[in-house]
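Novice: The lines below spell out each chain.
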Amino acid sequence: MASGLNALRSALPVAAALLALLLLWQFGTTALDVPAYILPKPAEILATALGRIGFFGGELYVTLVEAVGGFLIGSVLGILLAVAMILLPVLEVMLMPLAMVINAVPSIAFVPLVLLWFGLGMSSKIAIGALAVVFVVLLNLLSGLKRPEAESINLLRSFGASRLGILWRLQLPAGMPALVTGLRVGLARSTIAVIVAEMMGAYSGIGQVIYQATAQVDSLTVWAAVFVASLGSLALYGVLVALDRKLVWWR
Amino acid sequence: MSLQSAVRSPYAAVLIVAALWLVCVPLFSIPPRYLPPLPAVIADGVSVWPDLAAGFWRTLVETVLGFLAGSLLGITFGIAFAASKTLERAFFPIFVALQTVPVIAFGAIVVIWFGNTILAKVVIALYLAFFPVAVNTLRGLEQADPQRIALMKSFGASRLTLFRKLLLPTAAPNILIGMKLAVALSLAGAVVGEWFGDTVGLGVMLLQALYFELIPRVWVLIIACGALGTLLYGALALLERRFVWWRPD
Amino acid sequence: MADLAQAQAGATMPGQPYMELVNVWKRFGEGDKQTVAVRNVDLAIQPGEFVTLIGPSGCGKSTLFNMIAGLLPSDSDGSILVKGKAQQDGALLGKVSFMPQRDLLFPWRTVLDNATLALEVEGMPKRLARQKAEALFPEFGLKGFEQHYPHQLSGGMRQRVALMRTFLFERDLILLDEPFGALDALTRSMMQRWLLDIWEKHRRTVLFITHDIDEAIFLGDKVVVMTARPGTIKCQETITLPRPRDVSVVTTPEFMEVKKKLLAVVEEESLKTFASATMRP
Numbered sequence: 001m002a003s004g005l006n007a008l009r010s011a012l013p014v015a016a017a018l019l020a021l022l023l024l025w026q027f028g029t030t031a032l033d034v035p036a037y038i039l040p041k042p043a044e045i046l047a048t049a050l051g052r053i054g055f056f057g058g059e060l061y062v063t064l065v066e067a068v069g070g071f072l073i074g075s076v077l078g079i080l081l082a083v084a085m086i087l088l089p090v091l092e093v094m095l096m097p098l099a100m101v102i103n104a105v106p107s108i109a110f111v112p113l114v115l116l117w118f119g120l121g122m123s124s125k126i127a128i129g130a131l132a133v134v135f136v137v138l139l140n141l142l143s144g145l146k147r148p149e150a151e152s153i154n155l156l157r158s159f160g161a162s163r164l165g166i167l168w169r170l171q172l173p174a175g176m177p178a179l180v181t182g183l184r185v186g187l188a189r190s191t192i193a194v195i196v197a198e199m200m201g202a203y204s205g206i207g208q209v210i211y212q213a214t215a216q217v218d219s220l221t222v223w224a225a226v227f228v229a230s231l232g233s234l235a236l237y238g239v240l241v242a243l244d245r246k247l248v249w250w251r
Numbered sequence: 001m002s003l004q005s006a007v008r009s010p011y012a013a014v015l016i017v018a019a020l021w022l023v024c025v026p027l028f029s030i031p032p033r034y035l036p037p038l039p040a041v042i043a044d045g046v047s048v049w050p051d052l053a054a055g056f057w058r059t060l061v062e063t064v065l066g067f068l069a070g071s072l073l074g075i076t077f078g079i080a081f082a083a084s085k086t087l088e089r090a091f092f093p094i095f096v097a098l099q100t101v102p103v104i105a106f107g108a109i110v111v112i113w114f115g116n117t118i119l120a121k122v123v124i125a126l127y128l129a130f131f132p133v134a135v136n137t138l139r140g141l142e143q144a145d146p147q148r149i150a151l152m153k154s155f156g157a158s159r160l161t162l163f164r165k166l167l168l169p170t171a172a173p174n175i176l177i178g179m180k181l182a183v184a185l186s187l188a189g190a191v192v193g194e195w196f197g198d199t200v201g202l203g204v205m206l207l208q209a210l211y212f213e214l215i216p217r218v219w220v221l222i223i224a225c226g227a228l229g230t231l232l233y234g235a236l237a238l239l240e241r242r243f244v245w246w247r248p249d
Numbered sequence: 001m002a003d004l005a006q007a008q009a010g011a012t013m014p015g016q017p018y019m020e021l022v023n024v025w026k027r028f029g030e031g032d033k034q035t036v037a038v039r040n041v042d043l044a045i046q047p048g049e050f051v052t053l054i055g056p057s058g059c060g061k062s063t064l065f066n067m068i069a070g071l072l073p074s075d076s077d078g079s080i081l082v083k084g085k086a087q088q089d090g091a092l093l094g095k096v097s098f099m100p101q102r103d104l105l106f107p108w109r110t111v112l113d114n115a116t117l118a119l120e121v122e123g124m125p126k127r128l129a130r131q132k133a134e135a136l137f138p139e140f141g142l143k144g145f146e147q148h149y150p151h152q153l154s155g156g157m158r159q160r161v162a163l164m165r166t167f168l169f170e171r172d173l174i175l176l177d178e179p180f181g182a183l184d185a186l187t188r189s190m191m192q193r194w195l196l197d198i199w200e201k202h203r204r205t206v207l208f209i210t211h212d213i214d215e216a217i218f219l220g221d222k223v224v225v226m227t228a229r230p231g232t233i234k235c236q237e238t239i240t241l242p243r244p245r246d247v248s249v250v251t252t253p254e255f256m257e258v259k260k261k262l263l264a265v266v267e268e269e270s271l272k273t274f275a276s277a278t279m280r281p
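Chains as they are written, first to last, in UniProt numbering: chain B, 1 to 251; chain R, 1 to 249; chain L, 1 to 281.
Just chain B, same shape as in the assembly:
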């Protein structure tokens, strides 16, 4: 009850600010007579998005499937690699240079490559999404797994714990906050990478809608697509925040 009231109290200023911004935008553009191709009114954008809800929904669905698919593949791969490296340090010595070099390149630079390799369909978007996630998750989790001090590891060793026991009971829980950070950055990156890949070459998806509408200077559709894409990634972000609370319940 009290927490509900608190939530309301903290949501109130945000809602007020949001409303004020929207009103300013709506009436500002009306008063100054700003043409729609420069800045459409929020009501128009909403009307466009709602008017073609089936179309936008379908395109967003494609984008979300690609982003989530790439995110899942990339994060599972990143987690497995990090665990393998912590158990077999020789693997870290061998693979770390490659991971660092690939991670230094903005993942969008790989977009042409995955398009040439995997074609214009969904698989190329999933591949770029996975690529955008895997190293962030790997590097974050690896540094998290290394966080526990020697003292804590020694304590478990003195109880007779095996290497795997130490990983399971100490390093993995201690690495959770770092993993969640990696997942959060990774999700944002994979969404961006997928949309960018769609802009560059795709049969469908929100990015392709934006690209085509830009070419036709169809400002309203661009704005509506950006609005829909934002709702989509906000929803994904919400899922991740909930996951964060589940994985890192202690402070």
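Hint data in this document are derived by calculation from the structure and do not stem from the laboratory. As the structure is a prediction and not an experimental result, all values here were calculated from the model. Even for Gly, the Cβ is constructed at its ideal location relative to N, Cα and C. Possibly wrong hints are sitting among the right ones.
Claimed, not checked - Going by beta-carbon spacing under 7 Å, a handful of chain B positions derived as facing chain R: (1) G121; (2) V196; (3) L234.
Position chains R and L against the provided structure of chain B, taking the given hints into account.
Specialist: This is chains R and L only, laid out in the frame that chain B set:
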């Protein structure tokens, strides 16, 4: 220096990867469609050298201008949020939400506004750099220990002194974290911005390579983008060593 | 009481020490850079005995401790014997219940699950381990805090959870490395009396590191003084103060006499450490 830390040095990493590339392509006869031999990539890079240099420079300028302006704006907003609780409570959640938005999509709108000028790319880079810097500046400023603030106040420090002597140094590590995130995003923004129509830049060349399916050229540009990103990141790391020499406790 | 101790310590022959350190050394590094952390340590610990160890800071106490816990191999010129048998590298792991200086509670585990950590590592089913731990909560003054997280507890309570974790890992020898070092004086003296209560009840063999002379005398059957680095044993003092002990014991003439004697020895060693630290360029 242990083997592990030697491997973590960026120079060694580049050398190791180059050596692997040289050896593995003929050894496993990897088709050039996936990975052309390193000499072929280098030869292609040399053949387009003037374009490559001009493109590198242009993208660098776009990224740096956008990044600097975005960081400055971000720090300003971070400070404003830290100074005013009302402002923070009303607008900060909107910022956090906007940060998760696939901001690159706004690139299209910016190009509509500014046309195919360099300004369009700078604005996109600025926009992308802004959020991580603002959010991290606020987080950093909020980390100041209340007891240390009380100590400063007991010395009779004014708000400005408090800010300059305590709050800003406390926040500096976080601001730099935000800036490191931002510089990579700025680069991505500049490259993508060039796709919406331009004639010079790494992004333009990337798009051309895609259309003509020039795989060695794509690799040249991947390396160029990586080099540009590393250069900027390295400059920030130097800055960090200059301004954050202590370790937060 | 003594019979019980014998029974619990297992197959120790009468008069045979539970653990014996014979000429134990530990050197780090090679050639010129070699430093000796622990040198020529001989020590016997009887079953059920409470041995306290004091020495100036940096004297190699922790190195010695890590060797006894099996975390660090000792150099090959000496040996560590348990019930007369020499222990090879790592053989001591899982045989000694070890409590490091800091409580090292895991922030993601409740108090109850922190206490059962060692039992879980041993492979005991969670439910059984919890039942076993729950029985100890009143004795350790933690009743009602089973489901709390470490950050919700005071320093003294955290230390008791760490001690409970150590006690639940039922081994013949308990190693405690300055367990009360971080506590304030009042909490500390309460914890000391409480530890003695627990010890009288369970009668395990204890090796307790401290740098507080009062604590060493108040708790121990035997006080062992280490020299400045490289650490070795300077002297051993048997404490004959009657048990059970309470606060009043610290003001008795017997206590004062032992303290005077030990204070002189410890002072001498501390001065050596201090001098060598201040004379370095």
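Novice: Taking the hints in turn, state whether each one holds.
Specialist: Results for each hint:
1. G121: 16 Å, violated
2. V196: 6 Å, holds
3. L234: Where the cut-off is 7 Å and the nearest Cβ of chain R is about 6 Å from B/L234, the hint holds.
Consistency with the previously given hints fails for number 1 only.
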